[in-house]
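Colleague: Each chain, letter by letter, is given below.
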Amino acid sequence: DTGVSQDPRHKITKRGQNVTFRCDPISEHNRLYWYRQTLGQGPEFLTYFQNEAQLEKSRLLSDRFSAERPKGSFSTLEIQRTEQGDSAMYLCASSLSVRGVHLNYGYTFGSGTRLTVV
Amino acid sequence: TQLLEQSPQFLSIQEGENLTVYCNSSSVFSSLQWYRQEPGEGPVLLVTVVTGGEVKKLKRLTFQFGDARKDSSLHITAAQPGDTGLYLCAPGDNAGNMLTFGGGTRLMVKP
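First to last, the sequence lines map onto chains A and B.
Letter 38 of the first sequence, counting from 1, is numbered 38 in this note's numbering, and no numbers are missing.
Letter 19 of the second sequence, counting from 1, is numbered 19 in this note's numbering, and no numbers are missing.
These are calculated hints, taken from the structure and not from any lab test.
For glycine and all other residues, C-beta sits at the position ideal for the given N, C-alpha and C.
Some clues are possibly wrong.
[Unchecked claim] Pairs of lysine to any residue, SDA-like flavour, derived with a Cα cap of 20 Å:
(1) A:K11 x B:G40
(2) A:K57 x B:G92
(3) B:K57 x B:S73
(4) A:K11 x B:E41
[What the hints assert, rightly or not] If you want a taste of the chain B side facing chain A, the calculated C-beta under 7 Å gives, among others:
(5) L45
(6) G85
(7) L88
(8) M98
(9) G102
(10) G104
Full structure from sequences and hints, please.
Modeller: See the structure below:
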């Protein structure tokens, strides 16, 4: 297992375009998280899944954002009608939860997708 | 929402110097994690501290969890350029719902 993979690593898009990012978690991890990080700040939580169920969404996740994890494996994050304020690093992380107990070994993060909206 | 304050925000030092960075909150945590993030990469877990007063060492890095489990510190001895990065703290959540990160301390170690 090569860890958490994110694709693409970089994306430059024009304002108003739609973009989609993909995250492949560690295969045995049932939880998957999306974070957004702007320059000089710590990552901010967006949403997370347990298997295919989306369990929580931050108020940062406006209606232009949608995330899916259709088969409980990879996940996609789509941003519609991008705005310059969407420019950020989008990080994906995964972890393992067993019988509702999170194995507190930490979260494994991917390298992120850096989005630039021009 | 748990408010985490990390200090200092920025630190630039020469190779070989010692340093300490802090993570403070008014909330009590069941555990706390420290991550290091290098430019263009995701955060990487360094350590999880669980017990109040706990001290953990990772080579030249020493992590301490406050007795009241509201704060933590990271001390680096004889810093090296490879220690350069953003150091983030986040309270552990046994339910694993999400991590709430502090703003981080950006460390630069100059050769």
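Colleague: All hints, please: hold or fail.
Modeller: Going through the hints against the structure:
no.	hint	verdict
1	A:K11 x B:G40	holds (13 Å)
2	A:K57 x B:G92	holds (19 Å)
3	B:K57 x B:S73	holds (12 Å)
4	A:K11 x B:E41	holds (15 Å)
5	L45	holds (4 Å)
6	G85	violated (13 Å)
7	L88	holds (5 Å)
8	M98	holds (4 Å)
9	G102	holds (6 Å)
10	G104	holds (5 Å)
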